[in-house]
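J.: Sequence:
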Amino acid sequence: MQDGQIGERSWHRLFVLVLLGIIIAGIYSVALHGPFIFDDAYAIVESKQHHHLPHSFREMLYSRSVSFLTLEATYAAVGLNTMWYHAGNILIHVCAVFAVFWLVYLLGRGVVPLQPLSVGRWHLQPVFAAALLGAAFFGFHPVQTQSVSYIVQRLSSLAALFYTVSLAAYVSYRRANTWHNRVVWTALSLGAGLLAVHSKETAVTLPAGLWLLEVIFFTRRWRPLLRRTVRLWPWVLLATIIPAYTLGITEYLDRDAAAAAGAQPHLTVQRALLLTQERQTLPFDRLDYLLTEINVVRTYIRLVAAPFGLHLDWDYPITYSLWAGWTVPSLVFEAALIGAAIWGVRRGWRLAGFGALFFFLALLPESSFIPIYDVLFEHRLYLPMVGAASVFAEFAIRMWQFAGRRFGSYGAASLWAVTLCVWLVILAAATVQRNTVWRTSLAVWVDSAAKSPNKPRPHNNTGLEYFAAGGYQEALAEFRQAAALNPDYAEAENNIGMVSIQLGKFDEAEQHLIRALSLKPDYAHALNNLGAVYLQRGQLDQAKEAFERAIQYDSDYAAALDNLGLVLIRLEQLTEATNILQNNIQLNPAFVSSYNNLGVALSRLGRSQEALELFQRALAIEPENMLAQHNLLIMRGAQPGSGLRVLP
Numbered sequence: 001m002q003d004g005q006i007g008e009r010s011w012h013r014l015f016v017l018v019l020l021g022i023i024i025a026g027i028y029s030v031a032l033h034g035p036f037i038f039d040d041a042y043a044i045v046e047s048k049q050h051h052h053l054p055h056s057f058r059e060m061l062y063s064r065s066v067s068f069l070t071l072e073a074t075y076a077a078v079g080l081n082t083m084w085y086h087a088g089n090i091l092i093h094v095c096a097v098f099a100v101f102w103l104v105y106l107l108g109r110g111v112v113p114l115q116p117l118s119v120g121r122w123h124l125q126p127v128f129a130a131a132l133l134g135a136a137f138f139g140f141h142p143v144q145t146q147s148v149s150y151i152v153q154r155l156s157s158l159a160a161l162f163y164t165v166s167l168a169a170y171v172s173y174r175r176a177n178t179w180h181n182r183v184v185w186t187a188l189s190l191g192a193g194l195l196a197v198h199s200k201e202t203a204v205t206l207p208a209g210l211w212l213l214e215v216i217f218f219t220r221r222w223r224p225l226l227r228r229t230v231r232l233w234p235w236v237l238l239a240t241i242i243p244a245y246t247l248g249i250t251e252y253l254d255r256d257a258a259a260a261a262g263a264q265p266h267l268t269v270q271r272a273l274l275l276t277q278e279r280q281t282l283p284f285d286r287l288d289y290l291l292t293e294i295n296v297v298r299t300y301i302r303l304v305a306a307p308f309g310l311h312l313d314w315d316y317p318i319t320y321s322l323w324a325g326w327t328v329p330s331l332v333f334e335a336a337l338i339g340a341a342i343w344g345v346r347r348g349w350r351l352a353g354f355g356a357l358f359f360f361l362a363l364l365p366e367s368s369f370i371p372i373y374d375v376l377f378e379h380r381l382y383l384p385m386v387g388a389a390s391v392f393a394e395f396a397i398r399m400w401q402f403a404g405r406r407f408g409s410y411g412a413a414s415l416w417a418v419t420l421c422v423w424l425v426i427l428a429a430a431t432v433q434r435n436t437v438w439r440t441s442l443a444v445w446v447d448s449a450a451k452s453p454n455k456p457r458p459h460n461n462t463g464l465e466y467f468a469a470g471g472y473q474e475a476l477a478e479f480r481q482a483a484a485l486n487p488d489y490a491e492a493e494n495n496i497g498m499v500s501i502q503l504g505k506f507d508e509a510e511q512h513l514i515r516a517l518s519l520k521p522d523y524a525h526a527l528n529n530l531g532a533v534y535l536q537r538g539q540l541d542q543a544k545e546a547f548e549r550a551i552q553y554d555s556d557y558a559a560a561l562d563n564l565g566l567v568l569i570r571l572e573q574l575t576e577a578t579n580i581l582q583n584n585i586q587l588n589p590a591f592v593s594s595y596n597n598l599g600v601a602l603s604r605l606g607r608s609q610e611a612l613e614l615f616q617r618a619l620a621i622e623p624e625n626m627l628a629q630h631n632l633l634i635m636r637g638a639q640p641g642s643g644l645r646v647l648p
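For what it's worth, UniProt numbering labels the leading residue of the sequence shown as 1, then goes sequentially.
Simulated from the structure, these hints should not be mistaken for laboratory data.
Cβ atoms here follow ideal geometry from the backbone N, Cα and C, with glycine treated the same way.
This list has only true hints and no planted wrong ones.
Derived DEER-like restraints, expressed as beta-carbon distance ranges:
{"id": "1", "residue 1": "224", "residue 2": "419", "range": "37 to 43 Å"}
{"id": "2", "residue 1": "519", "residue 2": "629", "range": "38 to 44 Å"}
{"id": "3", "residue 1": "450", "residue 2": "487", "range": "18 to 24 Å"}
{"id": "4", "residue 1": "78", "residue 2": "348", "range": "48 to 54 Å"}
{"id": "5", "residue 1": "484", "residue 2": "607", "range": "48 to 54 Å"}
Let the hints inform the model, and build the full structure from the sequences given.
T.: Given below as structure tokens:
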């Protein structure tokens, strides 16, 4: 190693990593104030089970507990302020970039040729340059935006962070010279692995990833490899946690705990119900999914090499035959890449070979024979990008060194270095541009609807965003497009009904809501909206029945409980209304309308002081609430016999 090479000293590496982290944080700050999107609503905003920190170890016994613990901690600290959720995701991404740098740096030692890299008079340590290029590629690539700017997908990035740390710590353990260091690195690898498998199920491949490291970097002969494979049993044991959770082992633990505590195992029962629904609605079997994923993997490779056309909700065709479309060419292409990776390992390109093989390995949990309703999501590339970064790092360094040997440091080598920098700048600029889409949920769904024009869901969700913004005609057009694309789409029919109510078209609303219920009889939202139609018409008994049915299917449905309370007030069943509204406030303490309606019921029961306090609580939550303001003024200023009444 020559003196004066950039990267040979620890402070060089620290300085560059800090600078890299600042740049990445700046790139993602564009979407720092972006809203909750898509599954964020279910997993964070509406999820009462994730609005408190776990109270016992038993509550941590599920496969995504670490990821959701970070979300629960954020909620406990800042509520639903999205800036801090995004800041957490950015921090996780920056840490993952550092972990990739560490892994590539460790693997590159003894693999990347020692010939210094030159740019004019500057000389870079090759292994440092490889690690820096790999980390920058991983951090700047726009395909990562879905894992970073889509809040709930920190599940993917957090699992990848711990997975990569586990790999790097294992490499350090294998190279440790003392017993003490081996114990420390083993403990770190196992600890990070434990966190990985409790972040997302994709970490199930960790033992296979460690075995790849053994085969490629440490043990070539089969007998020593067999012994080393046996020694991987602690990591294999970690990976068995995931199938244990999947098979419902914790359901029995939770059931026993619930019996002892006198409570119901709500979380376990809910998860089992969701899994059952997914299995019933999958439009393909395992073989169809496997054939489809052969093509999906080809698309993933294209997204890594040429990241254009990114969007949230892909409309990817299902493959039902090996001979359909591009399935056979895709299979041949992917097999050729795997063969090239093995050949590269044998020819000394061990870092790139490992990266390519790891890319395919990391895709296996979500791109093999275990069917998932959505066949392609960009966030599934987050962990495989560790492998892609390794390939990029070695290829870039080898070409740089080749140019230096062949043409000299002032010629092609410098040009290649500039080319690499330009490519990374292009990736960073594309990430900034992509993050501008993630700044608003409307932009995300308009983008998806434009890129998946024949898929109903993006149109439906675009309509919801227009509806939330008050664009009822635009929303109606999107909902109708969704219903036209899928005549059995109950959600679209419900949403057409919802817009029709806002437009005062109650007959049309009733027609679409009844259609939604014919498709999905237990659809609580459609029942609630149908009740709203009856309420607007003054058909109070029918409205009451619809709201009660909605609550039957969703017992803590805030809008239906509040609407039922409102109907009971109008029916002068004030005691029953009071009980319903008090229950809703207990279940949904942020639902402002129920404070107002309960105040109305209590005022009509003569409990004026309690009513006054409820109107004040409503205004504390929502200071601009006009009904609560009106009712508070009436309660404070109305004279007996004036004829003024509080309004529900």
